[in-house]
Structures are given as C-alpha cells and as structure tokens.
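Undergrad: Sequence:
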Amino acid sequence: KKGCQFCAIAHSNADEKDNGVARCDAWVCAKYGVTGCVGVRRNKKAERTQAEVGDCKADVGNRNAGRHTYLDWDCAGHEGIPSACQSPGKGPCRFCVLTDGAPQVGWPTCPKVVCTKWKLKKQQCSRS
Numbered sequence: 187k188k189g190c191q192f193c194a195i196a197h198s199n200a201d202e203k204d205n206g207v208a209r210c211d212a213w214v215c216a217k218y219g220v221t222g223c224v225g226v227r228r229n230k231k232a233e234r235t236q237a238e239v240g241d242c243k244a245d246v247g248n249r250n251a252g253r254h255t256y257l258d259w260d261c262a263g264h265e266g267i268p269s270a271c272q273s274p275g276k277g278p279c280r281f282c283v284l285t286d287g288a289p290q291v292g293w294p295t296c297p298k299v300v301c302t303k304w305k306l307k308k309q310q311c312s313r314s
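Everything in the sequence shown is counted per this note's numbering, starting at 187 for the first residue and increasing by one.
The set of hints was computed from the structure by calculation and includes no laboratory data.
Careful: at least some of the hints might be erroneous.
Simulated crosslink set (DSSO-like; lysine-lysine; CA at most 27 Å straight-line) [to be verified]:
(1) K305 <-> K217
(2) K307 <-> K243
(3) K303 <-> K276
(4) K308 <-> K243
(5) K276 <-> K230
(6) K217 <-> K243
(7) K298 <-> K230
(8) K243 <-> K276
(9) K276 <-> K217
(10) K231 <-> K303
(11) K243 <-> K230
(12) K276 <-> K298
(13) K231 <-> K276
(14) K305 <-> K243
(15) K298 <-> K217
(16) K230 <-> K217
(17) K231 <-> K217
(18) K217 <-> K303
Cβ-Cβ distance ranges computed for the label pairs, FRET-style [what the hints assert, rightly or not]:
(19) S314 <-> G206: 31 to 41 Å
(20) K276 <-> N229: 21 to 31 Å
(21) A251 <-> A208: 30 to 40 Å
(22) W304 <-> D260: 15 to 25 Å
(23) G247 <-> K276: 19 to 29 Å
(24) A216 <-> N250: 31 to 41 Å
Cβ coordinates follow ideal geometry from the N, Cα and C atoms, glycine included.
Can you make the complete structure from the sequences, with help from the hints?
TA: Shown next, in the form of structure tokens:
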C-alpha cells in the first residue's frame, strides 16, 4: 500500500483549491467509506452516513474519564473552536463524551458504535 499524510477526494474543498494536495488512493475510499479517490467516482449517496470508530482512539486517561473518539470527516476540514476535533484540520477524529461522563463544551454524546467498540453499556451512548 502506498500511504500519505494528507490527500483530497474529488469535489471537496481540498480538491478544489490549487494547493498541491494529491487525490486519495482507492484504498482510502475503501477503508473510510468515502468516494472520489483515484479510480473511484464521487458518489455522496454511496458514502457511509453512520458513525464509526475507524482508526480513532482516545488515550487511556480520556477513556477512563468517559471521553472517546469516533470518525467524523468534518474534523479533517477547518472547524472553529471548540469543535471537539482531536486534530482540527489534520485528522478525521472527533472527541465525544459518554452520557455519564463530564460534559465538555462543544463535545457531542458518543454514538452507539463507540459503546459497541469498547464494550460499554449501550445507554452510555446516543441512540445513533
């Protein structure tokens, strides 16, 4: 596999600007459920719409405090602060908090996939 730190999908903000960002390889589309990579025609209707954990992972201290992460491609863009993005503008992971965790300004309740991934009680996450 060929890898890169940053890449763009067709018709995204990163793709429309003349900023030298290469088009994502097809494996990126397959792994993250997006379209618009090299050899993969852009089709927003075919893209994943439900949350998933993907490669996102909060450290043990955050998890012990009821804070987790999940995949949200809006975080790869340039969101304002507070956004709950783990690395705003650099990566697709968003922090979230469990229903029994300490609330954080701008942080959403964790989606149910987080509870499934970490074998937590389903009521600790949102229904979606």
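Undergrad: Okay, which hints does this one fail, numbers in order?
TA: Of the numbered hints, all hold.
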